[in-house]
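Chemist: Sequence:
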Amino acid sequence: MEKRAMLAFILSLIVLLAYQYLFFPKGQKQNPVPQMEEVQKKDPGKKSIEEPETKEKIPSLRENMPWKGEEEIVSVETDLAIYRISTRDAVIKEIVLKKYKDDKGEPVRLVPEDTALYPLQIISEEEGGLNFTPSRKEIKVGDQKENLVMSFVEPNGKRIEKIFEFKRDSYGIHIQITQNLLKKYHLLAGSYLIKPKEKADSGTAHAGPVIDLQGEIKRVSSKEIKESKTFSGNIPWIALEEKYFMTALLPEKTDTVAILERLEKKEGPNVFLGLLGDDEDLSFVFFAGPKDYELLKSFGRDLEKVINFGMFGVLAKPIFYILKGTYRYVRNYGLAIILLTTFIKIIFWPLTQKQQKSMQQMQKIQPEINVIRERHKNDQQRITTETMALYKKYKVNPAAGCLPLLIQIPVFFALYNVLLNAIELRGSPFLYIKDLSAADTLFGHVYGFSIGPLPLLMGVSMYIQQKMMPTTMDPKQAKIFQFMPLIFTFMFLNFPSGLVLYWLVNNILTIVQQYFINKRKLVS
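First residue of the sequence shown: -10, per the numbering used here; consecutive thereafter.
Honestly, the hints are just simulated from the structure, not real lab data.
Virtual Cβ for every residue (Gly too), placed ideally from N, Cα, C.
One thing to keep in mind: the hints can contain errors.
Estimated spans, in silico, between C-beta atoms of each pair [as the list claims (entries may be wrong)]:
hint, residue 1, residue 2, range
1, 62, 169, 39 to 49 Å
2, 62, 314, 37 to 47 Å
3, 310, 342, 50 to 60 Å
4, 310, 118, 20 to 30 Å
5, 501, 370, 37 to 47 Å
6, 359, 91, 31 to 41 Å
Required output: the full structure, derived from the provided sequences and hints.
Modeler: Printed below as a string of structure tokens:
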């Protein structure tokens, strides 16, 4: 049972490692947008329509736009961000987050330079290349809300207006579109330029469109979108997410239609996500900022669900809150992880004690088990029967030794998802480590593996722990498991430093615990 539990854990980690490399887009750049996954749960009582292909096709946008007049850029600055809004289609061409830096030390920019489509762009068969007139050229938002009106008026009096409302301390912009020019249009939350051969950056997390449809979160798989899709029903929000940042539209009227569209451009395929508009006024909040759990929660509508804590979310959320709560006192996430690990170890202490006691009991009767195996080596059923009788005689539960390990597997994966998704750890230093959310790269890279002392120390600690543990395996199995520290070291080389720190501290605490257990055993 112990061997099976360990194998299950190892296989789980291998699957996790393979899955993150094969199926997750990487880094903070906007990466290939795959095909939309199906909703897992269906409720026939809810109104929901998903069409595999949009009937109306979107015209070419960049090459044939008859722009009228010179482009002007309106700059709007709040305490949190700088927005640069173009008079061409009244789109947001640049979003600079003042509080966050990229790996070059520059402020994070959310709109990719090579995109063909921009947030808040209106796409229509009826009109194109609209040049708007701004009510102001530059805005510095203070204590009071500030408005910007972008208007386009035709000679016949038909018009489109985009009214922006900015707040000093908010990543959300309230926007109202009033118009009598278009019968139907698409309003974009943003777009991705697909580059199939682009090398991914370090770090792994989902990147792409996310839709809240009837309370069910629809994400994107790793396959490219080759067809247009529409989703209708109660849609509280749609979003385009990266690892740590996102843009989103939160429509005032949630009974709406979301569009996922692919356009072939000379720069490469573009995939955009947007809402369907008509001749009625459209009011919504445009969010562009960090995927901070509490921040997103403050916007309501369960916007925080865009953060994916994985299948063990029920464990990940308490771990996340404990980690943040600990940080408030120690002011360092490395120390917070160490204290969290100690806390988890204390919780599992009784189970670990039971595991150690069971392993010691198993070790005592191991010679008798070996005799049974040798005596009936050609009769597996007889071996099983006599071994179970031996367990009963000595009141040994063979499953008790693997129970703590099995219980810790969900905790490990829950913590993994917390450290993978929590923007709070982004750029958080600890000792020589500059970023606990990234791999330890102090010694550089070798054949795609990050090399640093932390995973190497983790491997050494695992080796010491293995040597101190009593074993009930036969010699052949023991030889195989001797390589586990080396295998785990390679597996952890590219894991987030915070996760490796957790595993290292957990190993050290286990070594200390085992030392006292062995010492007490010698005394007795």
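Chemist: Next step is simple, just say for each hint if it's right about the structure.
Modeler: How the hints compare with the structure:
The hinted range of 39 to 49 Å is not satisfied by residue 62 and residue 169, whose Cβ atoms lie roughly 27 Å apart. Restraint check, residue 62 to residue 314: a C-beta distance of roughly 43 Å satisfies the suggested window 37 to 47 Å. Taken as a hint, the range 50 to 60 Å is violated for the pair residue 310 and residue 342, whose Cβ atoms sit roughly 28 Å apart. Checking the proposed 20 to 30 Å range against residue 310 and residue 118 shows it is violated: the Cβ atoms sit about 50 Å from each other.
The hinted window of 37 to 47 Å between residue 501 and residue 370 holds, with their beta carbons roughly 43 Å apart. One distance hint, 31 to 41 Å for the beta-carbon pair residue 359 and residue 91, is violated here, with the actual separation near 60 Å.
The structure fails to meet hints 1, 3, 4 and 6 from the earlier list, while all remaining hints are met.
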